[in-house]
Amino acid sequence: MNITLDLIVFAVLAVFIVVSSVLAVSTKRILRAATYLLFVLIGTAGIYFQLNYSFLGAVQLLVYAGGITVLYVFSILLTSSEGDQAEKLKKSKFFAGLVATLAAMGICLFVMLKHKFLNPVFEHGELPVKEIGFALMSTEKYGYVLPFEVISVLLLACIIGGILIARKR
Amino acid sequence: MEYTILILLLPFLSFLLIGLLDTKLKPTAAGIFGTVVTGAVAVLSYWTAISYFVGGRNAEGLFPTMIPWNAEWLPFGGNLHIDLGILLDPISVMMLVVISTVSFMVHIYSFGYMKGERGFQRYYAFLSLFTMSMLGLVVATNIFQMYIFWELVGVSSYLLIGFYYTKKEAIAASKKAFIVTRFADLGFLIGILIYGFYTGSFSFTPDSAVIGSAKVFLPLALGLMFIGGAGKSAMFPLHIWLPDAMEGPTPVSALIHAATMVVAGVYLVARMFPLFIGYAPEVLHITAYVGAFTALYAAVVACVQSDIKRVLAFSTISQIGFMIVALGVCTSADPHEGGLGYMASMFHLFTHAMFKALLFLGAGCIIHAVHSNEMSAMGGLRKYMPVTHVTFLVACLAIAGIWPLSGFFSKDEILAACFGFSPVMGWVMTFIAGLTAFYMFRLYYCIFWGKENKELHAEHTPHEAPLTMTIPLIFLAAVTLFAGWIPFGEFVSSNGQAYHIHIDWAVAATSLCVAAAGIAIATWMYLREDRTVADSLAAKFSGLHKAAYHRFYIDEIYQFVTHRIIFACISTPIAWFDRHVVDGFMNMLAWISNQCSWLIKGMQSGNVQKYGIWFLGGALGLVVILLLI
Amino acid sequence: MVHMEYYLIVSTIMMFVGIYGFLTRRNLLAMLIAVELILNSVDINFVVFNRFLFPGQLEGFFFSLFAIGISAAETAVAIAIIINIYRNMKNIQVKNLDKMKW
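Note that the protein sequences, when read in sequence, are chains A, B and C.
According to my numbering, the residues represented by the first sequence are 268 to 436, in order.
According to my numbering, the residues represented by the second sequence are 173 to 801, in order.
According to my numbering, the residues represented by the third sequence are 23 to 124, in order.
Just so you know, not all the hints are guaranteed correct.
[What the hints assert, rightly or not] So the derived list for chain C, only partly shown, Cβ under 7 Å to chain A, looks like this:
(1) Leu51
(2) Ala95
(3) Val99
The set of hints was computed from the structure by calculation and includes no laboratory data.
In this text, all values refer to a predicted model and were calculated from it rather than measured experimentally.
Note that the Cβ used here is the ideal one computed from N, Cα and C, for glycine as well.
Could you build the full structure based on these sequences and the hints that come with them?
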């Protein structure tokens, strides 16, 4: 298999994502965990870009990396005092979790790699934003106006619910 | 004649209205409403009867059988379906008249009798329900509809007998009536099912083609149906509920236990008469023997009872026995050759309803006046209650069978039919007729003549009943006086052809003589203030007297059989089995699941991560299972 | 061209790292971060399948798009709840959160 630029970029992204995610769940400091999460999200956005879904990558950066991570950081600052560290995991628990997860991952990877997918093809070419916009607003078949509306209502409900739950009494 | 449906709907509406509003309604309003509705039903019934009989006979000389209203209610496929409708033929029209008349009279009468009682509205609601069910029973187009209304009659009689629900005896009596009749109805139901299964219909007149194959089972089905009828009509040995049912209000006794419900069994046999005579004459004759024995038994018991309502109850049983005998002695459908009994039975049903209702209502007046059912509290009442006295005397003469009162004519026809069947039956029934005259006049003399219970009467002077109570008495007395002249055979006969009643003077003379003898003996024994003869006779035959007073211990036998044998030997072990084995099994299941839940309770730790582990394990387990398959 | 399986392997690793975090972290916020990882890995899967197996269609794409929106909503509500818990209990350790099991 030729080593193409694509592959190199992917390898970098993959290593970046895997290392960041492992660090995100293993670091002692919660604020660092949030930072590593940010790295993972950015790496994911990179993957979207690589797949020529620039719009989705942009959304990922905007909403996830830009919005949600900030939310995390704020809530961490609100709920933890300085120098707060996660208590040390017991050895037995650590190994139990690790073994269970690895076993599960093994099964999953086995299934996935053994599975015969449809013939994968990769076509270069950007998905035009105009098409996305039309699909998002379309009421035809393969039109997504209904979930779009539902999500807008959901977000509204979240705003109200968030305020209600978190307000001072 | 579509308006006949109103005959059923009106009392039902009245029941719903009075029953639902209950105490929201003023007692008088409820009473007037119920009475007006029943009056309307009576008028409708008369109108139906007039237009039906005036409508005339068809070409074959029969009154046509009409079904002015019918609805298929429950189809079972094929020909088998349960209908609800209205059937008019001579006997159902006759019954409509009888029931609505008596019911109307009882409604008016109750106004005075039940005045100021608690639950006055409830009483009228139940009366309406009863009237509706009884009317529905007689106009039933098929045997299943009859059964439905039959049970409704049972329920409403249960409610009415147990009207004084604070009285222990009344509750026991209502339960007894319900259970005994229900027990008999089991036979009826099985009979209906056998009948429906083999003839493929619930109609009263199935195709003769279908019957051919069902011939073997028809006697069985009809015999079972007769058991149901015997329960309602208080035939021996299912009669035990009727005397106890006298615990209900007296007008109820007049309505239910004299004129309507108890003749349901007779009506049933009459309704099925073509089948009985055509396919099961031997069953019919068995009913005759049952009826004759019942009549004799009840007449003997009636001679020694001291409670006036019990005397009337036993006399009712006896008279119903007469009607059953009359039906049972029929040997053909032709009234000129052995089919006379059918007409006689219906005729007696008609006249008996009138004069027995009169007797009960009169007894109600007397009880109202002296506040007791016992003869010892009475005596010499003739000066206090002239109207009741005269009407009661009329009814007594009628039931004794004295010319020219209605009872004479119907009883004469019955006796003639019995003599036509066999001389023995004839003489037995004549003897019972004599007994009837004797015990009725014993009752009459004990109430209105004889020794007056001075202390009691001084304390509370008896008085004539109010107008609402005497008017029905006078009306019924008038009917009793003249009903005998109705050419009954013109309307009702076994084959539907007109039958001219002609009095068989040999039979009539015999029965008159016997009745007169009965009355004479009663006069001799009970007219005077001291009853030396009666007392000495009672002392002489003390064993017989005591046995008869205790109704030959039939109730005790029932008590013994149910309590000592059925309850002790069957029910108790079954109850033990149920309590310990069946319940124990269920308890064990509950115990096991309880233990299991204790075991796995710890898994509900409330720790999200533990749940997460279980969830992951479950999901992976599913994946592995899917892989292995 | 990069094989589709490579992407899937990356996403699978990410998913199970998330699961591991969910099972072992004691801090509610840390658990929420782990949940975000899981969500992300699924998003990647959808997009990858869309791109490689069903080119020309948009279901996977939109699924991811909406999933991002929903996860934002979910995070907002979850954080509100966590802050509320913090107010009541003065910490956000998951072991203290078994009061609601009854």
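Outcome of the hint check:
no.	hint	result
1	Leu51	holds, 6 Å
2	Ala95	holds, 4 Å
3	Val99	holds, 5 Å
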